[in-house]
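Visitor: Here is how the chains run, residue by residue.
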Amino acid sequence: MTLDVSITVSRGGEFTLEMSIRIEAGETVALLGPNGAGKSTAVASLAGLLPIDEGRIVLGNRVLDDPAEGVFVPPEEREIGVVFQDYLLFGHLTVAENVAFGLRSQKEEPDAVDAKTAVWLERLSLARLADTKARDLSGGQAQKVALARALIIDPELLLLDEPMAALDATTRVELRRDLGEHLSEFPGPRLLITHDPTEAFLLADEINVIEEGRITQVGSADDIRLRPRTRYIADLAGSNLLVGNASSGVVTVGTHVLHVADTAIGGSVLATIHPRAVSVHRQHPEGSPRNVWKTTIVRIEHFGDRVRLQTGEPLALAVEVTPAAVDALGLELGSDVWLSVKATEIGVEPG
Amino acid sequence: MTLDVSITVSRGGEFTLEMSIRIEAGETVALLGPNGAGKSTAVASLAGLLPIDEGRIVLGNRVLDDPAEGVFVPPEEREIGVVFQDYLLFGHLTVAENVAFGLRSQKEEPDAVDAKTAVWLERLSLARLADTKARDLSGGQAQKVALARALIIDPELLLLDEPMAALDATTRVELRRDLGEHLSEFPGPRLLITHDPTEAFLLADEINVIEEGRITQVGSADDIRLRPRTRYIADLAGSNLLVGNASSGVVTVGTHVLHVADTAIGGSVLATIHPRAVSVHRQHPEGSPRNVWKTTIVRIEHFGDRVRLQTGEPLALAVEVTPAAVDALGLELGSDVWLSVKATEIGVEPG
Amino acid sequence: GGSSDVSDEIRVSAASSLGEVFIELESAFEAANPGVDVVLNLGGSALLREQILAGAPVDVFASASADTMAPIVDAGLSEGSATVFAQGFLAIAVPAGNPANIDGLVDFGNEELLIGLCDIGVPCGEYGRQVMSRAGVKPAIDTNEPNVRSLLTKIEAGELDAGIVYMTDVIAANARVEGIEIPDAANVAAEYSIAFITEGPNNEGAKVFVEFVLSEFGQMILAGQGFVTP
Amino acid sequence: MSRRQPRIAQSRPPIVFSVLAALGVVFFLLPLIGLLVRTPWSDLVSLLASDVVIDALVLSAIASVAAVIISTIVGVPLAWVLARLEFRGRSLVRGLVLAPLVLPPVVGGAALLFALGRRGVVGEPLYDATGLVLPFSIWGVVVAVTFVSMPFLILTVEGALRNMDSRFEGAAASLGAGRWTVFRRVTLPMIGPSLAAGMILTWSRAIGEFGATVTFAGNLQGETQTLPLAVFVALESNRDAAIALSLLMVAISLTVLVLLRDRWLRSL
Amino acid sequence: MSRRQPRIAQSRPPIVFSVLAALGVVFFLLPLIGLLVRTPWSDLVSLLASDVVIDALVLSAIASVAAVIISTIVGVPLAWVLARLEFRGRSLVRGLVLAPLVLPPVVGGAALLFALGRRGVVGEPLYDATGLVLPFSIWGVVVAVTFVSMPFLILTVEGALRNMDSRFEGAAASLGAGRWTVFRRVTLPMIGPSLAAGMILTWSRAIGEFGATVTFAGNLQGETQTLPLAVFVALESNRDAAIALSLLMVAISLTVLVLLRDRWLRSL
Ligand SMILES: Nc1ncnc2c1ncn2[C@@H]1O[C@H](COP(=O)(O)OP(=O)(O)OP(=O)(O)O)[C@@H](O)[C@H]1O
Ligand SMILES: Nc1ncnc2c1ncn2[C@@H]1O[C@H](COP(=O)(O)OP(=O)(O)OP(=O)(O)O)[C@@H](O)[C@H]1O
Ligand SMILES: [Mg+2]
Ligand SMILES: [Mg+2]
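Those protein sequence lines, which keep their order, are chains X, V, E, Z and A. Be aware that the first sequence starts at 8, since it is given in the numbering used here, and climbs by one per residue. Be aware that the second sequence starts at 8, since it is given in the numbering used here, and climbs by one per residue. Be aware that the third sequence starts at 3, since it is given in the numbering used here, and climbs by one per residue. Be aware that the fourth sequence starts at 7, since it is given in the numbering used here, and climbs by one per residue. Be aware that the fifth sequence starts at 7, since it is given in the numbering used here, and climbs by one per residue.
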């Protein structure tokens with residue numbers, strides 16, 4: 008049971024999604040991307056709610072959609088479990104009826120349906136709400152019902168469109184664990200859409216990054232984290248991404264020159280610098296780093312036990328330091344500082 | 008312009024929200040709480056969409072709702088900007104029309120409306136979508152429109168119900184900054200509902216935690232982080248929360264005894280231990296920590312460059328270590344380990 | 003109402019069974035009295051009566067039966083009594099070609115056939131029943147139609163095998179139905195009466211129109227459509 | 007603070023609305039008052055306690071309920087097809103559905119006669135083959151009444167289907183629900199109030215239908231004479247009886263409708 | 007891979023639906039065929055080219071459009087009040103609104119006469135005070151037609167309002183929109199298709215209305231004789247003309263409706 012997708016779908020004339028993706032049985036692929044990138048569009052196409060314009064969707068040995076061949080399997084025959092981004096719960100039905108909907112539709116035995124429903128309600132702490140009409144749920148409750156409704160049917164493919172966005176932080180942590188366990192038991196391919204890189208890194212075997220309707224990077228969590236190929240991915244991973252020109256161990260970004268460890272590379276490159284790889288000094292530092300320059304702090308943000316500094320000309324870099332360092336160095340907005348980065352800390356890849 | 012609220016609202020007979028809250032002009036209060044705690048219910052009441060059963064809502068010197076006095080100011084006269092959890096965009100109107108809706112309703116000059124709308128569309132990178140019907144937006148785009156629609160009207164009170172839940176990670180970071188700036192300029196009180204503790208800690212002056220319709224803790228980010236009063240809050244802050252009995256420098260949790268620094272406290276207490284304050288050893292450690300015990304690893308989770316261990320009997324604790332430590336110690340599921348915590352690292356408060 | 007040219011307009015409420023002949027009377031009258039506009043108000047006699055009782059601004063009322071006229075006279079809405087201006091005899095109507103081979107009134111007792119009359123209370127229904135009792139036939143009725151038109155529609159369409167209507171209707175139906183005469187002994191005459199309404203906006207015109215209907219010319223037009231003139 | 011009843015969220019009408027709505031109520035009230043003023047209250051019971059009335063009542067009840075049932079069974083699918091399928095000739099089909107609304111009922115009845123009567127286009131072969139005659143029977147009444155009233159159901163339901171967000175149907179299908187299950191468990195409940203409104207319109211139109219019925223089915227007490235036919239006949243002969251009957255119709259219908267609607271709508 | 011047109015997401019009907027819908031279409035088609043078969047095609051033009059027809063056409067157009075306008079202006083607020091306000095006597099008001107549906111039109115016309123005629127409960131004082139007589143004028147036609155057709159609008163719109171999620175109205179209000187603005191910019195567009203359906207029902211009922219009009223307004227050519235009344239007169243004197251007229255009505259109405267609906271619904 009492998010999902011093999013290569014599709015072109017246009018939406019309202021303005022937007023076109025053009026993507027290929029392959030998910031093996033038992034593999035979770037996360038689809039990560041900015042708002043409006045086309046993630047939900049992909050879900051709608053896979054689920055059969057939005058026929059594709061070109062290409063093919065193949066699940067196992069079944070062609071689900073292929074306009075060139077005139078094949079289109081309707082949604083109810085696709086055996087795909089979907090958590091929709093906006094849930095699409097049936098407001099007139101109770102929570103239990105919503106969860107049982109799929110099984111009942113598939114004509115399972117009423118007793119079996121009730122039993123399974125009870126299990127899932129319990130699993131998602133929804134038992135107390137079993138008889139509440141779905142339209143009377145809070146946002147997070149509704150999302151849990153949507154999850155239970157999709158997971159209970161044991162489909163051949165799972166499509167989860169931001170299945171935890173509305174959950175509170177602790178429920179999310181618990182559910183992330185539970186979902187992880189559930190996913191690892193689930194035999195088919197699964198596609199997880201999320202905005203939370205942690206979620207993607209934790210739950211997915213492979214990450215596909217989608218931007219403006221195109222897949223821009225595919226790889227493991229580490230590939231994405233360490234070798235981001237676009238500004239969006241770099242921001243996501245917390246890295247600084249610089250576009251420059253390399254020749255014999257030197258990368259020129261704008262007017263600034265960076266020394267890098269890789270002397271073989273040349274031409275247009277992507278250079279990445281992790282924010283924690285940058286050191287901050289009040290005086291010109293002595294020592295090994297080959298890259299040292301002077302700049303100004305243009306923003307200071309406190310994130311719990313980290314502080315993020317944004318520096319200005321000549322290189323806009325994000326730098327992470329400890330609160331203690333901020334105090335010790337007396338850093339504040341507008342402070343002049345010296346930054347240093349070891350050449351070995353700068354990742355370089357052909358752009 | 009101070010918001011002073013003390014209300015009782017029941018919802019469908021099952022759920023009752025009973026809360027008091029006071030927000031000064033220029034202050035941001037975050038309302039943090041698990042799903043179904045009553046946060047959106049509070050928003051609906053403040054906005055005038057759900058009349059309260061008892062109590063009073065006062066904004067500045069205007070009573071907005073007071074059933075005992077028979078006062079009820081309808082929503083359109085309350086001058087409250089609301090971002091609803093599910094946006095409630097007008098699907099038949101374009102993005103620009105949605106954003107301009109409030110100003111147009113308030114009979115502002117068409118030119119001024121257009122100008123302001125353009126500014127806000129630009130600010131939220133929505134300009135390209137100005138003429139798109141709201142029903143054709145992606146989830147995150149819709150949320151940005153909802154934000155713009157609420158912020159443009161310059162209300163006297165802002166209610167933001169999870170205004171960034173659907174945004175992609177990088178937009179969220181940017182918007183968090185922009186929103187922070189906007190909030191600091193905004194003269195009235197503002198209430199921010201969020202599931203993201205970071206968001207709350209970054210944007211709010213005070214945090215109110217709500218659980219099951221009741222406020223369970225009020226305080227600054229540090230209060231909440233360092234002295235959580237309920238399990239939910241402890242989980243949220245990442246701390247371990249233990250309920251025990253203190254007497255002369257010893258806290259008994261179940262059958263286990265912990266030494267603490269505070270020898271004065273007695274009776275029922277809440278003890279908090281930060282996961283990173285716990286050290287992990289393969290042998291009984293030597294040295295200063297007074298609390299040392301043996302346990303087993305029941306779960307291992309990798310979070311980027313941290314690893315979280317869950318340990319079992321006699322104390323279920325979350326422990327955070329580095330991946331390097333995991334390798335060095337050869338930790339795996341079921342490993343027997345020794346844990347140590349310094350007495351000074353255990354926070355103790357009357358429970 | 004209330005416009006200045008009211009004297010040039012005469013409103014005539016006429017029973018719908020008088021529709022065709024009154025359209026002819028209207029054009030003849032207008033030809034004889036240039037500048038006068040006769041406006042017909044055609045409807046069931048009872049309906050027209052109700053309108054007049056409720057104060058309808060009508061000048062002349064021509065009814066299909068004296069009974070319908072009576073309440074108007076009783077209410078003093080008409081000066082003096084009403085005048086009978088025409089009579090109409092009844093006839094058996096059958097679909098073109100007479101598919102059921104109706105011979106006469108006796109066939110009305112045949113349960114096998116589909117027979118229709120006008121309903122009790124409707125003039126043609128009352129007359130029809132009188133004919134039946136005079137002929138000593140107990141009709142096997144399948145439908146009591148609320149008016150002649152409705153009855154004729156069904157006969158024309160072949161749904162009914164036979165019914166009793168006015169001779170004038172058979173003539174007006176132009177071969178789409180066939181008429182079978184009812185023997186004089188069994189036949190009855192419907193009396194059409196006319197009155198002018200004192201409350202109407204155009205009393206003068208009303209009188210002139212009623213006189214015209216009763217005049218030799220008017221009676222000739224009536225006779226031409228199969229009405230029997232007194 | 008005193009103990010209070012929980013307050014109900016009450017929408018407030020724009021002021022013009024109250025005025026216009028009041029105007030509307032008066033407009034509907036006046037004729038009813040007119041009717042009540044003319045009602046022969048003292049003879050009411052004697053006028054209404056007759057075989058004719060009871061027969062007509064029973065027949066009207068049967069025919070109108072049958073019309074609602076048939077209209078729902080046939081009309082809802084038709085509405086669905088009109089609302090959801092793009093096909094060549096859709097405008098034409100919709101036009102066809104509207105025809106009975108536009109045709110004067112008497113002409114509609116005549117058209118039915120031409121089509122389904124003993125000598126009709128379809129009726130004649132039908133009669134020759136089976137001996138079945140629709141006119142002059144309760145079947146004829148049902149056909150006539152359904153013909154005239156079904157369009158109300160179709161149009162109301164079509165409007166509601168177009169108003170509805172069809173993504174919920176997609177969600178149901180993705181859960182494996184077949185088209186029929188989707189319709190029954192999602193679509194139908196979601197358009198509930200409009201369907202109810204459509205059924206009420208249909209029933210009301212059916213119970214008040216006169217022209218098509220009398221033309222197509224005739225008027226025989228106990229077989230085809232519905233209440234409106236009885237009223238019409240009484241109008242000719244006994245005005246008091248006609249008014250009494252009309253009032254009875256209004257009273258019965260309103261009782262039924264008010265009971266039904268409040269039940270129905272509350273449960274939704 | 008060949009270049010292709012983008013495919014349109016097509017809902018597929020449950021199979022029974024197709025069958026039932028087809029049945030419905032046939033049911034509506036048959037009588038129309040019956041009518042077409044009997045139509046005097048050769049004389050059609052001469053039959054229709056007369057003053058009577060043109061007068062009736064104009065009058066019908068005016069009266070039916072007026073009925074739709076009045077019904078919308080008065081009926082939408084009334085529907086809103088019925089759907090959104092909880093008040094004592096709501097069932098009664100709703101019942102009142104349904105009365106014209108249930109009353110046989112002729113009785114409805116008579117009731118109007120009793121109320122608004124020159125000797126009517128309200129008509130008499132009105133006449134004494136102003137000399138205004140509603141019956142037997144175009145105003146009478148409009149009143150009668152509106153009385154009979156407005157309930158269709160009210161019920162359809164009420165159903166749609168109940169179907170609608172009123173939280174959107176709350177959102178609009180919180181943005182400072184007054185009740186009227188909320189209604190005009192949020193409520194009305196959201197119930198669009200149902201309102202359209204209601205207006206079409208109203209218009210169709212108005213254009214086909216016969217009984218109440220002939221009773222209340224009379225049947226005066228050029229003054230109160232609408233198309234259905236002309237058909238009635240023609241039925242007495244010249245049946246071919248009646249059928250021709252009826253066909254004309256159907257044709258005109260369908261043209262208008264098809265054009266209108268397609269325009270209207272597409273824009274929504
Ligand atoms: N029904 C629609 N009609 C027309 N365009 C649409 C429709 N739905 C979405 N779009 C457009 O298609 C693009 C992709 O939308 P999609 O919902 O797939 O984004 P997404 O990746 O899911 O974003 P988000 O993270 O915000 O949910 C967007 O630009 C959006 O405006
Ligand atoms: N319309 C309603 N009718 C009845 N009960 C409701 C309604 N809306 C919410 N509730 C109930 O009220 C409680 C509080 O809901 P609320 O929406 O305020 O929660 P919340 O704190 O916003 O949760 P979340 O974080 O999931 O959005 C829940 O138990 C919910 O089931
Ligand atoms: Mg999306
Ligand atoms: Mg909420």
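Honestly, the hints are just simulated from the structure, not real lab data. Where hints are given, some of them may not hold.
Not everything, but these chain V residues come out facing chain X in the computed CB check (under 10 Å) [said to hold, decoys possible]:
#1 G45
#2 K151
#3 V250
The beta carbon of each residue, even a glycine, is placed where N, CA and C say it ideally should be.
Visitor: Tell me if the interface restraint on K151 (chain V) is satisfied: Cβ within less than 10 Å of some Cβ in chain X.
Guide: 7 Å, holds
Visitor: Next item in the hint list is G45 (chain V). Is there a CB on chain X closer than 10 Å to its CB?
Guide: OK, holds: G45 (chain V) within 10 Å of chain X, min 8 Å.
Visitor: At a threshold of 10 Å, is the proposed contact between V250 (chain V) and chain X supported by beta-carbon distances?
Guide: Hint violated; V250 (chain V) Cβ to chain X Cβ min 17 Å, cut 10 Å.
Going through the hint list in order, the structure does not satisfy hint 3, though it satisfies all others.
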